[in-house]
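Enquirer: Sequence:
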Amino acid sequence: RMSLGATEPVAAAAGGAAAGRKGAASSALANKSISWNFTTQLTALMTMLKKTDSHFIRCVKSNEKCLPSVFDSKLVHKQLLYSGVFEVVKIQQSGLPCRLPHHEFLARYKCLAPSRIRYTIKTSKELITYFTSAKYELPLAQQGRTKTFFKSQEQRILEQARYDCLRRAAIKIQTLARRIACSFYFTTLRAEYRVFMHSYTELILEPAQIAHDNFNACRAQFAHIKHYPILLHVSKRLGYNLSILSRRGELVLEAKRRIAVRTEASVLSLQDIITSAIELDLTEHATIIECKNIVKMYFRALDFIDTISVPLRLRSLGMNHVNDGIECMKCFSDILPGSIESIDCAEQHKRLVELEIKNIVAPLRTALHNASVMYDANTGNLKPKLRTGDQTQALRELVHAFSSQSMNFSCSDSQLMYNDCANFMTVLEEFVPICDARGCLSFLNNRECSGSTNPVFIQQCEEFKKWAEMQLTTIKLKECMKVGRVSLSANGSECAVEVKGIQEVLDQLSVLRDPTTNLRDAIRAGTWIVKLRQAYIDGDWDALEQLVIQADEDGVTNLVFDDYAECIDELNSFQWQVIF
Numbered sequence: 001r002m003s004l005g006a007t008e009p010v011a012a013a014a015g016g017a018a019a020g021r022k023g024a025a026s027s028a029l030a031n032k033s034i035s036w037n038f039t040t041q042l043t044a045l046m047t048m049l050k051k052t053d054s055h056f057i058r059c060v061k062s063n064e065k066c067l068p069s070v071f072d073s074k075l076v077h078k079q080l081l082y083s084g085v086f087e088v089v090k091i092q093q094s095g096l097p098c099r100l101p102h103h104e105f106l107a108r109y110k111c112l113a114p115s116r117i118r119y120t121i122k123t124s125k126e127l128i129t130y131f132t133s134a135k136y137e138l139p140l141a142q143q144g145r146t147k148t149f150f151k152s153q154e155q156r157i158l159e160q161a162r163y164d165c166l167r168r169a170a171i172k173i174q175t176l177a178r179r180i181a182c183s184f185y186f187t188t189l190r191a192e193y194r195v196f197m198h199s200y201t202e203l204i205l206e207p208a209q210i211a212h213d214n215f216n217a218c219r220a221q222f223a224h225i226k227h228y229p230i231l232l233h234v235s236k237r238l239g240y241n242l243s244i245l246s247r248r249g250e251l252v253l254e255a256k257r258r259i260a261v262r263t264e265a266s267v268l269s270l271q272d273i274i275t276s277a278i279e280l281d282l283t284e285h286a287t288i289i290e291c292k293n294i295v296k297m298y299f300r301a302l303d304f305i306d307t308i309s310v311p312l313r314l315r316s317l318g319m320n321h322v323n324d325g326i327e328c329m330k331c332f333s334d335i336l337p338g339s340i341e342s343i344d345c346a347e348q349h350k351r352l353v354e355l356e357i358k359n360i361v362a363p364l365r366t367a368l369h370n371a372s373v374m375y376d377a378n379t380g381n382l383k384p385k386l387r388t389g390d391q392t393q394a395l396r397e398l399v400h401a402f403s404s405q406s407m408n409f410s411c412s413d414s415q416l417m418y419n420d421c422a423n424f425m426t427v428l429e430e431f432v433p434i435c436d437a438r439g440c441l442s443f444l445n446n447r448e449c450s451g452s453t454n455p456v457f458i459q460q461c462e463e464f465k466k467w468a469e470m471q472l473t474t475i476k477l478k479e480c481m482k483v484g485r486v487s488l489s490a491n492g493s494e495c496a497v498e499v500k501g502i503q504e505v506l507d508q509l510s511v512l513r514d515p516t517t518n519l520r521d522a523i524r525a526g527t528w529i530v531k532l533r534q535a536y537i538d539g540d541w542d543a544l545e546q547l548v549i550q551a552d553e554d555g556v557t558n559l560v561f562d563d564y565a566e567c568i569d570e571l572n573s574f575q576w577q578v579i580f
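Counting from 1, one number per residue, gives the positions in the sequence shown under the UniProt record's numbering.
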């Protein structure tokens, strides 16, 4: 127990010693941290001071009483004068206060050089040399080892030039940026306008609405341009077209709904749809065209039903009208009363018409084609197309055979074919043999002949007209030769033939390479009259005597046509005059 008691104080003493050493170490560490922090802060402060520039500030009182908003100019001037501020400013002005490192000077004012040499300048000295040659007036600028020195006046010149250069560059950049933006928005405007017009044409409302909104959104970007009112007008026009498109879409949907309903009232109500479509300029839409066709077919069916009840009107219709009427009645057989009976009656009449076309129209058409003639440009006369003998006899017999029932044909096709054949024979037998060109043209221009739809008869009329025109040319030549005399008349007065008119007609007849006897004699007589008259005008009596002898040998004076009687007598008497 003693030993234990003795041990406790020793242990306690040992524990106290250890605690003391630990506290001393903590105090030394704490002292070191404080000194280290101070050193670090001082280093940071010195680094910051080195990065800054020294500025010496002079405080100046504005007035003696230190009142706000009171400025005593004399007091302020004294303070600046006695504090040496003016002297410092003068000293700085006498030196080179503006200084920049070489690389900063080059980077700041290199933009003043033209682009062709801007990237070839590598040092500030080269740049100053350019400034001197460019009349920037930098006579006092100096080059140091690391900096460039120049006066404040020179700095103002360079800064103003730099500002102007940067301003021009900024304007160019803004111009380019605005042009690109305007080009983008204009392209968008044009694309949206095309989308709208396509949707407007195709009657698609939703894409048109989107295109209209996008167009207005892009239009706002052009509010500053001169022609903005034009875009505003286009925008308003698109808005109006959008409302029209909405109405058109509703009208087309309503038209489709009424077409689907197969009632008499719905068919009649399509007329209101057509009227509205005309107001909205929608007449070319497929649905509206279908409405028009339905209404037309409906009224044609009603009219055909009325026509069937009158046999005389029914016989005035052609085969095409009959077929069309039957088709229309079949389309509306479910809504038209009495349409079934009318269809049966029309089918029976159709069979009669087909039989009549087979027995009458077809033979007449074949006979007219075989008997057709053509104008011969070489002779000026008519000749048959088919070289198989006279084919007009068969046509003549058919016309005579059907003349008794020409008023009782079952359809207009038979009547029209009979009339064409009869008119063809009239021209061929009554006008052509006696060369009655004027009567032929008058007959061909009447309503019955000019209103024909038969292509064969129409072609024959053209051939007859060519022949008649050539005959009229011959008649004109004869009339020209009957007027006037080649030489002086008996009483001495001049009444010469129209040589110019005769020559013009002869030029028209010169296209004939093998004219008929009548045309050949007229051309021969007209040619000799022109020669004689020209020789008489020239006064060449020897040539005139020879021409008269040649004309007599050619037989011109022996022509016995009545049209040339006066001319022949004149040639005979004139021949005697020349010989005498």
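Rather than coming from a laboratory, the hints here were simulated on the basis of the structure. Cβ atoms here follow ideal geometry from the backbone N, Cα and C, with glycine treated the same way. Check the hints yourself; a few may be wrong.
Unchecked claim - Each computed SDA-like pair below joins lysine to any residue, with the alpha-carbon atoms no more than 20 Å apart:
1. Lys383 x Lys350
2. Lys476 x Glu429
3. Lys256 x Lys350
4. Lys125 x Lys90
5. Lys122 x Lys90
6. Lys147 x Ser94
7. Lys236 x Gln271
8. Lys465 x Gln534
9. Lys110 x Lys51
10. Lys385 x Leu268
11. Lys465 x Lys350
12. Lys110 x Ala134
13. Lys478 x Glu429
14. Lys385 x Thr516
15. Lys385 x Gln459
16. Lys350 x Asn320
17. Lys90 x Gln155
18. Lys466 x Leu444
19. Lys478 x Leu444
20. Lys51 x Cys98
21. Lys78 x Lys110
Unchecked claim - Computed spacing ranges between beta-carbons, pair by pair:
22. Thr201 x Arg167: 29 to 39 Å
23. Leu42 x Arg167: 44 to 54 Å
24. Val85 x Arg168: 34 to 44 Å
25. Arg351 x Asp507: 53 to 63 Å
26. Glu202 x Arg167: 50 to 60 Å
27. Arg168 x Ala191: 27 to 37 Å
28. Ala191 x Glu327: 31 to 41 Å
29. Arg116 x Ser73: 37 to 47 Å
Enquirer: So, for every hint listed, does it hold in this structure?
Expert: Hints and how they fare:
1. Proposed proximity of lysine 383 and lysine 350 is contradicted: the alpha carbons are some 39 Å apart, above 20 Å.
2. Taken as a hint, the lysine 476 and glutamate 429 pair is broken in the structure, with Cα atoms around 24 Å apart against an allowance of 20 Å.
3. As the CA atoms of lysine 256 and lysine 350 are separated by approximately 35 Å, the hinted pair breaks the 20 Å bound.
4. Of the pairs offered as hints, the one joining lysine 125 and lysine 90 is violated, with about 28 Å between alpha carbons and a cut-off of 20 Å exceeded.
5. Proximity of lysine 122 to lysine 90 is assessed by CA-CA distance (about 35 Å); at most 20 Å being required, the pair is judged violated.
6. Pair hint lysine 147 plus serine 94 holds up; C-alpha atoms about 18 Å apart against a cutoff of 20 Å.
7. Pair hint lysine 236 plus glutamine 271 does not hold up; C-alpha atoms about 32 Å apart against a cutoff of 20 Å.
8. Between lysine 465 and glutamine 534 the alpha-carbon distance is near 35 Å, which puts this suggested pair outside the 20 Å criterion.
9. Of the pairs offered as hints, the one joining lysine 110 and lysine 51 is violated, with about 27 Å between alpha carbons and a cut-off of 20 Å exceeded.
10. For the hint pairing lysine 385 with leucine 268, the CA-to-CA distance comes to about 54 Å; that exceeds 20 Å, so the pair is violated.
11. With a C-alpha separation of about 37 Å, the suggested pairing of lysine 465 with lysine 350 is violated against the 20 Å cut-off.
12. With a C-alpha separation of about 13 Å, the suggested pairing of lysine 110 with alanine 134 holds against the 20 Å cut-off.
13. For the suggested pair lysine 478 and glutamate 429, the alpha carbons sit about 24 Å apart, so the restraint of at most 20 Å is broken.
14. Proposed proximity of lysine 385 and threonine 516 is supported: the alpha carbons are some 18 Å apart, at most 20 Å.
15. Using a Cα cut-off of 20 Å, the hinted pair lysine 385 and glutamine 459 holds, with the two alpha carbons roughly 12 Å apart.
16. Proposed proximity of lysine 350 and asparagine 320 is supported: the alpha carbons are some 10 Å apart, at most 20 Å.
17. Our distance criterion of 20 Å between C-alpha atoms is met by lysine 90 and glutamine 155, whose separation comes to about 17 Å.
18. Distance check on the hinted pair: lysine 466 and leucine 444 sit about 12 Å apart at the alpha-carbon level, within 20 Å; holds.
19. Of the pairs offered as hints, the one joining lysine 478 and leucine 444 is violated, with about 24 Å between alpha carbons and a cut-off of 20 Å exceeded.
20. A distance of roughly 19 Å separates the Cα atoms of lysine 51 and cysteine 98; the hinted pair therefore holds under the 20 Å criterion.
21. A threshold of 20 Å between alpha carbons decides the hint, and for lysine 78 with lysine 110 the separation of about 44 Å lies outside it, so the pair is violated.
22. In this structure the supplied range 29 to 39 Å is violated for threonine 201 paired with arginine 167, their Cβ-Cβ distance being about 50 Å.
23. Distance hint check for leucine 42 and arginine 167: the Cβ-Cβ separation is about 48 Å, which falls inside the suggested range of 44 to 54 Å.
24. In this structure, valine 85 and arginine 168 meet the distance hint of 34 to 44 Å, their C-beta atoms being roughly 39 Å apart.
25. At about 60 Å, the CB distance of arginine 351 to aspartate 507 agrees with the hint of 53 to 63 Å.
26. Taking 50 to 60 Å as the suggested C-beta distance range, the pair glutamate 202 and arginine 167 conforms, at roughly 52 Å.
27. In this structure the hint that arginine 168 and alanine 191 lie 27 to 37 Å apart at CB holds, the actual value being about 35 Å.
28. Between alanine 191 and glutamate 327, the C-beta spacing of about 47 Å breaks the proposed range 31 to 41 Å.
29. At about 54 Å, the CB distance of arginine 116 to serine 73 disagrees with the hint of 37 to 47 Å.
Hints 1, 2, 3, 4, 5, 7, 8, 9, 10, 11, 13, 19, 21, 22, 28 and 29, counting from the list given before, are not met by this structure.
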